[in-house]
Amino acid sequence: MAAPVKVYGPPISTAVSRVLACLLEKEVDFQLRNVNMSRGEHKKPDFLKIQPFGQVPAFEDESISLFESRAISRYVCEKYANQGNKGLYGTTPLEKASIDQWLEAEGQSFNPPSSSLVFQLAFAPRMKLKQDEQLIRQSKDKLAKVLDIYDSRLGQTQFLAGEDFTLADLSHLPNTQYLMNATDGKELFTSRSNVARWWAEISSRDSWKKVVDMRKPPSS
Amino acid sequence: MGVVKVHGIPLSTAAMRVMACLYEKELEFELVPVDLRAGEHKKEPFISLNPFGQVPAFEDGDLKLFESRAITQYIAHQYAGNGTPLVCPDPKKMAVVSVWMEVEGHQYDPAASKLTYELAIKKFLNATADNAVVEEYEAKLAKVLDVYEARLACCKYLAGDCFTLADLHHLPTMQYLMGTQAKKLFDSRPHVSAWCADIMGRPAWSKVLAMQNKA
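These protein sequence lines map, in sequence, to chains G and B. Each residue of the first sequence is one higher than the one before, counting from 1 in my numbering. Each residue of the second sequence is one higher than the one before, counting from 1001 in my numbering.
Think of the hints as simulated: they come from the structure by calculation, not from any bench. The reader is advised that the hints may include incorrect statements.
[Unchecked claim] If we take Cβ atoms under 7 Å as the criterion, some of the chain B residues that face chain G in the derived model are: (1) P1051; (2) L1065; (3) A1070; (4) E1102.
[Claimed, not checked] Each computed DSS-like pair below joins lysine-lysine, with the alpha-carbon atoms no more than 25 Å apart: (5) B:K1064 - B:K1005; (6) B:K1092 - G:K86; (7) B:K1140 - B:K1122; (8) B:K1093 - G:K79; (9) G:K130 - B:K1140; (10) B:K1156 - G:K49; (11) G:K44 - B:K1140; (12) B:K1064 - G:K145; (13) G:K86 - B:K1093; (14) B:K1143 - G:K44; (15) G:K49 - B:K1143; (16) B:K1140 - G:K142; (17) G:K6 - B:K1093; (18) G:K145 - B:K1042; (19) G:K142 - B:K1114; (20) G:K142 - B:K1042; (21) B:K1092 - G:K79; (22) B:K1043 - G:K145.
Ideal Cβ positions, reconstructed from N, Cα and C, are used throughout, including at glycine.
Let the hints inform the model, and build the full structure from the sequences given.
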């Protein structure tokens, strides 16, 4: 039997929790190794060997060392194709193309404004940093436009890439979880009925509930 | 194979990314122009091809896709037997390609695209570059290229011994930046510089540039 895979990073990290959600969906045993970011562990030479940009997560199994949460997730889906949620990354080239399309949309259009908001609304207060009001406003405007497009799409299909939950939906869980718990961020999602329906569905998955349990969320 | 169409313009970095892939794979395609000045990309029928209202959009028979990096991955896998191999059948090697594709998309591109806009696109628009932004993003790109310099000291290409999508995805912004003051960031790092010369010198890339001269 294969040894558990290793994920390096704290579960409160959005990118780390993206990988954890994927591993849980695929029913892959893993060990979570903490990285003490407040002590700068992620910028030290030992960690830079496995993640040269000094960010979390990093990932290791018996044969390979990887970084970038979306690359790790794709690898896990391919390697463990026959276990857990088998359709997570599609079973045909056309399904995979649609999933990749919405994964890229998440990475290129959803992630930048939502990540800024997560930092400003959820992490900055906890770290006793002053919030950047202009950045919050700009990020909300950008995210609102993206969510309008999502609301339209989710009026046509149950999930982003089609009728089934996939990696494309999963990739949105970490940032949205924080924003739904931030007083200022929730409304962007709840005010759009298809987006709200979609969030309720994807966030109630057992795999995501387990990830949320693994964290201690910062107070907002 | 259905009829392959790319909806976009030869000057768009994202459209160039897709065309570079099609030329590497030696696939016939039609470039369907989109009148950005007239806002064609924000209206029907284009919006149905890409609800984000951005170029490119892509068609292969009945399949419609957007997001250049999803399009290139589809092409590279679907037409694995044509032209240059751009992805790897071995899952471990493919994982490494995937890592560096994500690096391009999330570490390199945000800085490179911002600088492309300030230093190259603004010139087309007769607008002045914002020097504070240029300085900030040159510093960010420099940090990314330091990582690349170390990586390319051990590997000829980002994912290993072979040219893959991980390298190709960098070409459009790299091309623009080489025509600006940001060139120094690439030239001052010997392994990065050699890698740039190598990938920019590929015949398929010259074909993409030739399309701009026709425009």
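Restraint check for K44 (chain G) with K1140 (chain B), where alpha carbons must lie at most 25 Å apart: Roughly 19 Å between the alpha carbons, so the hint for K44 (chain G) and K1140 (chain B) holds.
Interface hint status, E1102 (chain B) versus chain G (Cβ within 7 Å): holds (4 Å)
Distance restraint between K1092 (chain B) and K86 (chain G), which requires alpha-carbon spacing of 25 Å or less: holds (20 Å)
Pair hint K1092 (chain B) and K79 (chain G), alpha-carbon separation not exceeding 25 Å: Holds, at about 9 Å.
Proposed proximity, K1042 (chain B) with K142 (chain G) (alpha carbon, max 25 Å): Given pair K142 (chain G), K1042 (chain B) holds - Cα atoms ~16 Å apart, limit 25 Å.
Hinted pair K1143 (chain B) and K44 (chain G), Cα distance within 25 Å: Within the cut-off at roughly 16 Å; holds.
Pair hint K86 (chain G) and K1093 (chain B), alpha-carbon separation not exceeding 25 Å: Cα-Cα ~22 Å, so holds.
25 Å limit on alpha-carbon distance, applied to hinted pair K1156 (chain B) and K49 (chain G): holds (19 Å)
25 Å Cα cutoff - pair K130 (chain G), K1140 (chain B): Status holds; Cα separation ~23 Å.
Interface hint compliance - A1070 (chain B) to chain G, C-beta minimum distance less than 7 Å: holds (4 Å)
Proposed proximity, K145 (chain G) with K1043 (chain B) (alpha carbon, max 25 Å): holds (15 Å)
Supplied contact hint for P1051 (chain B), tested at 7 Å Cβ to chain G: holds (5 Å)
Violated hints are absent here; each numbered hint is respected by the structure.
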